[in-house]
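With chain A's structure known, arrange chain B on it following the hints.
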Amino acid sequence: MKRRFVCVGGDVDSVLCFQDWVVSKFGRVLPVLQLRCQKGSKARTVKYDPSKYCHNIRRLDRTDPDETLSVTQLTWQVEGGDDDISKRRRGEFPPYEPIKPKKSRTDPGDSLNAFSRSRSERAQNADRNTEVHQLTNGSDLPTNRRAAQKEDRWFLDSDVDSDEEVRSLAAAQQSSHDALQQEAEDDDNLEVVGLDYLVKSGPNEDEEDYDSAGTDELFDSRRNPPAPPQEKPSSPTAKQFSDKKRQMKRKTTPGDVSSSKNSSSLQRENPAGVRPAMKHSSDSHSDEDDEEEEGNSSDSSSDFDFPALFSANSNHLRISLADLQRLAEGKVPSILGSGLKPESGFPVRHARKEAITPDEILASILGEDSSSDDKEHKKKKKKAEGVTSASLQPSEETGLETSQTDGCLRRKREHEQDEAAGSERQKHGETSEPLNDPQTNSSSGSEEDEEEEEKMISVEDQPSSSSSSEEEEQEAGAAPHPAPAAGSKTSSSEEEEEEEAEEEVAPPRVALAAKEEEELQRKANMRRLAALQQRQKEAEEHQKLIQGALANLEAPHPATGKRIVFGSDDEEEKQEVVSAVKESKKPLFQDSQSEDEATADGAAAANQNAPHKAERLKPSGPQLFADSEDDEEGGEEEDGSRFDIRPEFEGPAGQKLMELQSRFGTDERFRMDSRFLEDEEEEEETEVQKSLMEDEEALEEEKKKNLSILQRVLGTGQQASGKTAGKAKQFRDVSALHYDPSKEEHAAFETKTEETKKESKAARRKKREEAQKLPEVSKEIYFQVSGDLKAVFGQTNDGSAEGEEGANWDKVEEEEGGGEEEQLPPSLLSADPSSKSEESSGFRFSFFGDDSVAGSGETAEYKAEKMKAPKVSWHQDPRFHDSSSEEEEVEEDEEDGQEEKKEEQSSVEAKNTKEETPSQPDFFFFSSDDHRLKEGPKLFCRTSQLAEQREQWEESTSTLRQEYRKKHRDARRKLNISRKT
Amino acid sequence: MRPLTEEETKTMFEKLSKYIGENIKLLVDRPDGTYCFRLHQDRVYYMSEKILKLATNFSRDKLISVGTCFGKFTKTKKFRLHITALDFLAPYAKFKVWVKPGAEQSFLYGNHVLKSGLGRITENTMQYQGVVVYSMADVPLGFGVAAKSTQECRRVDPMSIVVFHQADVGEFIRSEDTLT
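Here the protein sequences line up with chains A and B, keeping their order.
In terms of our numbering, the first sequence opens at residue 205 and continues consecutively.
In terms of our numbering, the second sequence opens at residue 46 and continues consecutively.
What the hints contain is simulated information worked out from the structure, not anything from laboratory work.
Keep in mind that the hints are not guaranteed to be accurate.
[What the hints assert, rightly or not] Pairs of lysine-lysine residues, derived as DSS-like cross-links and limited to a Cα-Cα distance of at most 27 Å, are as follows:
| id | chain 1 | residue 1 | chain 2 | residue 2 |
| --- | --- | --- | --- | --- |
| 1 | B | Lys60 | A | Lys956 |
| 2 | B | Lys117 | B | Lys55 |
| 3 | A | Lys909 | B | Lys123 |
| 4 | B | Lys63 | A | Lys907 |
[As the list claims (entries may be wrong)] If we take Cβ atoms under 8 Å as the criterion, some of the chain A residues that face chain B in the derived model are:
| id | residue |
| --- | --- |
| 5 | Val396 |
| 6 | Gly398 |
| 7 | Leu570 |
The beta-carbon is built from N, C-alpha and C at its ideal position, and this holds for glycine as well.
Just chain B, with the same shape it has in the complex:
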């Protein structure tokens, strides 16, 4: 476990900023304690300093997970956000998408969101903007990337994809082996 290098921090913040913008500041700088990011086996974990200190007592090969896993760095050093970060993204999301009940299940199975399943969308959403997907009851389901801007969404036909699926809470069941 080691702290992130500058490059890695930058990459990660860029990715996070797509979803929550400048609210990353609130993650970095918290009034209720010092929280930090640590890298362990290519995965980035977000934890408080207390946990961090406890975690240093374990050897690397024995340590599986610390705090909350935000995502991981791929072999090509790209940062991929995991669903476990949803709790921290959802309240700060800048652009949100609400999904109809019918399409909710489809999204939870890992499919993209079609126009027909789109219930509501934040205005001024740009194309390829990171969005957080909610159900109509305002329950965060996951996050994705907007395939169309808000204006385009109005015009496009109902079978086209409007939100690319990135992660959903169904992954907790589907890929529980690989989640940490």
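Chain A with its partners taken away, still in its complex shape:
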């Protein structure tokens, strides 16, 4: 059966076409696919029978010896040649070379940056180099270093960049290595100091290092480069400098409409767009030009319509080239319109065209150089004047733009008029006038002149007059350019100066210019100073006006006269009032000042005069009553004394009185005399003092409160000493006194660490030492105990069968007890008596030669010798561990306090922490017939004589040794055999 299976989903390319399917191994059904295979241009459908490919597994023959390969051959090789990259790909790295740390260390900041850079680079290369993985925080630094160095070298070597870059990188990385190494060193040298650390203040070298370059220096350094180029003589800019360029510049230069004090200063402040090479002399030129313009402008300024000019300012800003062209072509658009801007881009053309006119020819005939020179000088002078006046004018007028544009407009008008006038004006002298007509302010005028001059230089054939007129046009056109460029005088001044600079280049001019420049400079300076002075005067006047106005503020309202004045003579009253007010004013002030010293009540001062003059209660307003006249008559004499403070009003009580008085007004009936003074001045003082005291108390309370809170916070007992008497440390106001560690006195400021900890350590050490020492067992106790126990001891002995054994045991061991004493470890000494005592139902044995005990036969039996207590836990017999005995021995804790510690060391001791105090004949846990008593000593005591045991032991030792040796040898043999095999 054939079925068609359609593949659902998947890409279009993967749609498989089934036609057949095959049954393969194990009953699997596999479709035979017809795949599209595209080999280049061919597109074939390949039949793919899966069954043929699924089971193509060959059995690997593992037993084939020929196929065993060594490990090194189990790899693949990257071919590539012998360059570094391919070498490293193959795994062949250059030998490790430790980089020697340089002593000169670069700036740590840079080194860190380099380090970080190199780190990032390493991170990028992490894939290639496994060593990079070691560069993690927390790994050992030396390995880091090595890895970093390796990688650095790798990085360096693989750098395909120029050698210089490589070197710089290497330097950076080395410095970073240095930083690393030094950091590593610093880690080791990290200084850890105690709390009482005193820095030994070394020489204060660091302060000098930290001085940053003054901002002034920075600014100077920045200024200087641009400044000198500006002052260089202008390169002989090509005379072909089209005005188009200038126009562009004018349009693009930022509009600095700030009042120009000095064109030179403006020039310097301009951005780099300014052409370099502006000399100071050029400024003078501009000044000269301005002056010329100024002088001439005054002549024809009357005809201008200023308001129109003003109103037309905005329009001037929107000059377009088209307008200029129109102008250049001779069209005369309205002044208020788009403006006259004869395109100055065709200065040369214009000039040359115009040369045809007879006047121009005349001019040329008359002498270009000389005349032009003269003209130039004149122009320069006038320009200078113009500049200074321009600088003056801004001080007078705020609208420089308007003035400039005015000048432009005026110029235009002039030019227009000139043109309209025709040839009449085209005389030498007159042409100069229109040139100079433009005004004072207009540096644009100077521009025009400069342009004229320039053209005169560039085109020597140009007759000055006609050309100048046209140049005027052009300049007039050019003049408004700065206006559109935001009326920047700066731009115009720039261009002026540029032109002037160009002019200067002309050799013949230079010599003459210098002297004139100086003179002009002086004049300009004078004018500038004059302008400054004028400004100052104006400012002072302004201030005076203000002061006057303020002073007149209190001049009240008599002038305004809101109040209706009734009286026979209104004028008189007014005058009186005014005068009175004036009088009162001053004394008011005086008295108020004096009173202010006594009291702080200004209001009272104002009312001080009330008692004097009833009508003068209120300084403002005319008096309603006619009493003023009466008082006025005799008032002049008393004026001086009128306004003195009355005696009754002095002092704080008087102050109160005055206030009271003010409340009642100036009615004579209610005048406050001295009788009304309060007699409580003293009380007041006491009150004041009381309040002070209260304040202080409040503060004290607060202080205590704070201290209490502090105690709680810190949790330590702080002594709330009221006046800090007897304190080791004295507080001194830090702001007044600067802590200087080198001073011995200031050591008091430092906190001192408590040495209790150390003491405790010492104490602990001592304790330990003591503990380690052999506790001297006080024999007295034993005596006592043993004494008490004797009776008890004896009783039990009789009944126990151990007695004999014990006697034997005791006797035997008496002899050897002394010998064995030394053998026993000291720590166990204490244990022995205790252990034994426990075993024997609380009996105490004195093993240290207790004669008294030995004396009694009964006790002598139990004067047991020391036995080697089991050192190890498993030596002990668990039967001996009697927990019940431990409970009783609380009384003897103190005695055994030291012993306990050693007992704890060995488990035996742990068992026998306490000794019993069997002072009582009654046995708590032992009965007389306790089997433990019987069996205990059995295990405890020797069963046979020591000598016999010794002999036996000696015999056995030899045999034992032999056996051991045999076993050793056998074991060795076996080992050897096994190794061989």
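Same frame as chain A, but now just chain B:
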């Protein structure tokens, strides 16, 4: 301007004690005069009683600062210590950290102190202990919180932070608008 409540005093003392420990006592209780803490517009000022009395003459909205500003309480009533308190903390500091000249500038710009910039540290400094940061010439630069204990400082790598920056004297320039 008002005195601090108990809660506020407690909070403030806790903060101060992190830096100077029990020496707060010397601030509270001075032999040369009575000094007190006052709260004004969430800022705590430390002043003598004389100044305090003078300051009471001003209205609250007109008063900008009195005495020395120690710090301020945040909206959540936590106390934050300002650099202006350095003069009073520095001489009583219990745990000090000295910073190398290279890292000094970095700290003064407001960065944390790295291990590589650490010159010296008082022993037994616990982690998150308040420390006062000095230059190698023993000029107090500011204060911070120890990010690592002294022992850890020895072991840690040079690029890790050892002192968290809290305040430095560079703030007098950087944030002079907000300092009072």
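Could you check if glycine 398 of chain A really has its C-beta closer than 8 Å to a C-beta on chain B? holds (6 Å)
Per the CB criterion, is valine 396 of chain A less than 8 Å away from chain B? Since chain B brings a Cβ to about 5 Å from valine 396 of chain A, closer than 8 Å, the hint holds.
Taking the least C-beta to C-beta distance, is leucine 570 of chain A closer than 8 Å to chain B? violated (70 Å)
Between lysine 117 of chain B and lysine 55 of chain B, is the straight-line Cα distance small enough, at 27 Å or below? Holds. Lysine 117 of chain B to lysine 55 of chain B sits at ~14 Å (cutoff 27 Å).
For the pair supplied as a hint, lysine 63 of chain B and lysine 907 of chain A, is the alpha-carbon distance within the 27 Å limit? holds (21 Å)
Given the hinted pair lysine 909 of chain A and lysine 123 of chain B, is their alpha-carbon gap at most 27 Å? Holds, at roughly 21 Å.
Is the Cα-Cα distance between lysine 60 of chain B and lysine 956 of chain A 27 Å or less? holds (21 Å)
Violation of the numbered hints given earlier is confined to hint 7; every other hint is satisfied by the structure.
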